[in-house]
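Chemist: Respectively, the protein sequence lines represent chains A and B.
So that you can map any letter, position 120 of the first sequence is 627 in my numbering, and since no number is skipped, the others follow by simple counting.
So that you can map any letter, position 99 of the second sequence is 946 in my numbering, and since no number is skipped, the others follow by simple counting.
Calculated directly from the structure, the hints in this document are not laboratory data.
Note that the coordinates shown come from a computational prediction; the quantities given were computed from them, not determined experimentally.
Ideal Cβ positions, reconstructed from N, Cα and C, are used throughout, including at glycine.
Everything hinted at is true.
Cβ-to-Cβ under 10 angstroms is the rule here; a few derived chain A residues that face chain B: (1) Val534; (2) Tyr566; (3) Ile569; (4) Arg688.
Label pairs and their calculated CB-CB ranges: (5) A:Gly680 to B:Gly879: 16 to 26 angstroms; (6) B:Ser851 to A:Asp702: 15 to 25 angstroms; (7) A:Met597 to B:Ser855: 45 to 55 angstroms; (8) B:Glu922 to A:Gly524: 11 to 21 angstroms; (9) A:Ala645 to B:Pro928: 37 to 47 angstroms.
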Amino acid sequence: MTATDADAPLIERIKRGDVKAFEMLVVKYQRRIERLIGRMVRDTDLVQDIAQETFIRAYRAIPQFRGDSAFYTWLYRIAVNTAKKALVEMKRDPLVTESARALRDDDDETSRIENELSDGETPEALLASKEIAATVNASIDALSEDLRQAITLREIEGLSYEEIAEVMNCPIGTVRSRIFRAREAIAQRLRPLLDTREGDRW
Amino acid sequence: MSQSSESSASMENLSALVDGELESEAGARACGQWRDDAQARATWHAYALIGDVLRSGDLASTAERDCSFLLRLREQLAQEPVVLAPAELAAPLLAPLPAVAAAGGSRRAWRTPVAVAAGFMVVAGALVVTSVPGSLPFGSTPTVAQAGPAPVVAAAPGLQAVSTTQAETAPVRLNGQLIRDARLDEYLSVHKKFGGSSAPGVPSGFLRNAAAEAPAR
Chain A
508 MTATDADAPL
518 IERIKRGDVK
528 AFEMLVVKYQ
538 RRIERLIGRM
548 VRDTDLVQDI
558 AQETFIRAYR
568 AIPQFRGDSA
578 FYTWLYRIAV
588 NTAKKALVEM
598 KRDPLVTESA
608 RALRDDDDET
618 SRIENELSDG
628 ETPEALLASK
638 EIAATVNASI
648 DALSEDLRQA
658 ITLREIEGLS
668 YEEIAEVMNC
678 PIGTVRSRIF
688 RAREAIAQRL
698 RPLLDTREGD
708 RW
Chain B
848 MSQSSESSAS
858 MENLSALVDG
868 ELESEAGARA
878 CGQWRDDAQA
888 RATWHAYALI
898 GDVLRSGDLA
908 STAERDCSFL
918 LRLREQLAQE
928 PVVLAPAELA
938 APLLAPLPAV
948 AAAGGSRRAW
958 RTPVAVAAGF
968 MVVAGALVVT
978 SVPGSLPFGS
988 TPTVAQAGPA
998 PVVAAAPGLQ
1008 AVSTTQAETA
1018 PVRLNGQLIR
1028 DARLDEYLSV
1038 HKKFGGSSAP
1048 GVPSGFLRNA
1058 AAEAPAR
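Here chain B stands alone, though its shape is the one from the complex:
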C-alpha cells in the first residue's frame, strides 16, 4: 500500500515536471527516476504523448517508434561532450579581473601595464617603418588584443565544456574583416596574465588592426 502510494506520488511529480511545475529538489528526484526506472520512462512518454494527441490527433505515435528514435539519438549523444554551462557563476567571478577593465575607462592608456606599452611601441615602430596607409592614431591602440566585451568563460580550465561565449561576445571587425571570435576571447581571457601582450607570435600586421573598432562598452 505504502509502496504504491509512494509510486503514485512520484508519478504525480513526473506529471508536474511535464508542466514545469515542480520545485527543483523534487525535479531532481524525478529526473533521477527517468534515469533509473524504466516504468518512469514509459510514464513520461505516455504523459507527453497524451498532451500531443490532445492538441492534435496527427501527433499520435507508437511507443516503439518513439523509443527507437530515442535509442538512436542516445547513441549519438554518447559521442557528444557533456554540456556544462556555469555562465551565471563564471561571469561575476571573472569580471573583477583587472585585465578585463582595460577596455573601458577614460584613463585606460595609463593603466595598462608597461609591458603593453613596450609591446605597443614595437608595433608602432613597425608602423612607422612601413608607413602603411590607413593605420590608426597611436592613442587608439593601447588595448591591443584586449578590446571587446569582457569575455565570459564557459567553464574553468580543465573542464570539458561547450563554450557559452558565442552568443554574447560581439566580434571585432575592421574593414569588414572578422578578427575576433568566441574561441579567441576564451583563449585571451584564460591567458589574461599576459596582459596586453596576450597575442604572442601574432604578426604585427594583425596587431596593428586589432583595436580598431572595439564596440563601446
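So here's chain A without its partners, still in its complex pose:
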C-alpha cells in the first residue's frame, strides 16, 4: 500500500452514503486546502468561503472519483478551480497580490515557503498556532529514536507501514504501534492547547 490510497477506505464509506467519513477527510485536509487558497486569495473570509465550497464540490463529485490519483491531488485541483472561479467573479476587486500570483504557478503541496499572514488573522490566533507548532516540534525531539523514526517516515516521507517495517526491520504491527505511540505522546502535550472553548464542539 502506498500513500496514494491512504484515503481509499474512507472514500469507499462516503460512496456508500457515510457523510461522517467525509467529515473525517475534511478535518484531515482543511488546513492544507485553506493554505493553498490563501496563496491565491488574500481575503481571509473569502479563503474560508472558497475552502467550504471546495469541500462541498468535492462531496458532490465524489461518485466520479475513481482513485486514479490520490484523493488529495483531486481535492487540490477542485480547490484551485474553485478559487480561480471566485477570482474571475470578483475581477473588479483585485484581491490577488502579485506575490500570491507568483506563488501560484510553482506552488505545490510540499512547498515550504512560509505563508504570509493573511489579513484577517488575529494576533491571538497566530500566537496560538505558533505555540502549537512549537509544541509539536518539542514533542518530536523528546520522542525515543524508534518512535521518532517511525512517525517521520510516515508523515514526512510518506512511506506505508509495510515500507517502514522494511526500513526499520520490524513487524508491521510494531510500526503501527510505534506510530500510534508517537502520535499519542505528541497529542498529550498538545491537548491543553487544543481544548475547544465550548468543550464538546467537535
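With chain A fixed as given, assemble chain B onto it according to the hints.
Modeler: The following block gives chain B in isolation, referenced to the frame of chain A:
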C-alpha cells in the same frame, strides 16, 4: 484498566485509519467512533494536525478554528443529497440487458425490435419528405437513441443518489452539437423497456441526428 486499554486500542485504530492502514471492519468501527464519540473526534483532529505540522509549521492551526470550519461545513452538508455510488454493483447488473447491446454487433440492425424499425420508418419518411441535405444513410440509423456507450446507472430507481455516469459516458456529438448527456443516458437506461423508441415526444429533427457519431465500442 480494561476500559483504558480498550480506549487505547480504539485510538490506535484511529491512528491506523489516518494512514489508511486499517482493514474495513475495524475501519467501520473507527468511523463509528467519529460519529459517536467527541473524544475520538478531537483525537482524529489532533493526529491530522500533528501530521500537518510535522510537514510544515505554517499548517499549525487552533482546534477552535478547525472546529468552526467543520461545523459550518456540516450545516451545508446537511442540505446535500446523500452520496450513493454503487457503480461497481450497478454496471454488471445492467450490462446484460439486451437493449444495451444494440449499439454493438454487426447484425444489430436485424436484432432491434420491430418497434424500432417502425419508429425509424416514420423518421425516414419525414426525411424523404423534407429531404434535408446532409441527412444520413438509412443503414446507419437503426440505433436511434440507443447509440453511445452503455450507460451505467448510478443507483436503482427510487434511491436519492448522485449520478456516477458523467465521467464515463461519452457524449454523442453531431455537427459540433452536444446531443447526449449523462442525465439523458440515465433516463434512457431506466426506460430501456421502450426499446428503440425510447425518445417519445422528441421532434423528428432530433431523432434524425441522434445516431450519427456514436463512439465505436
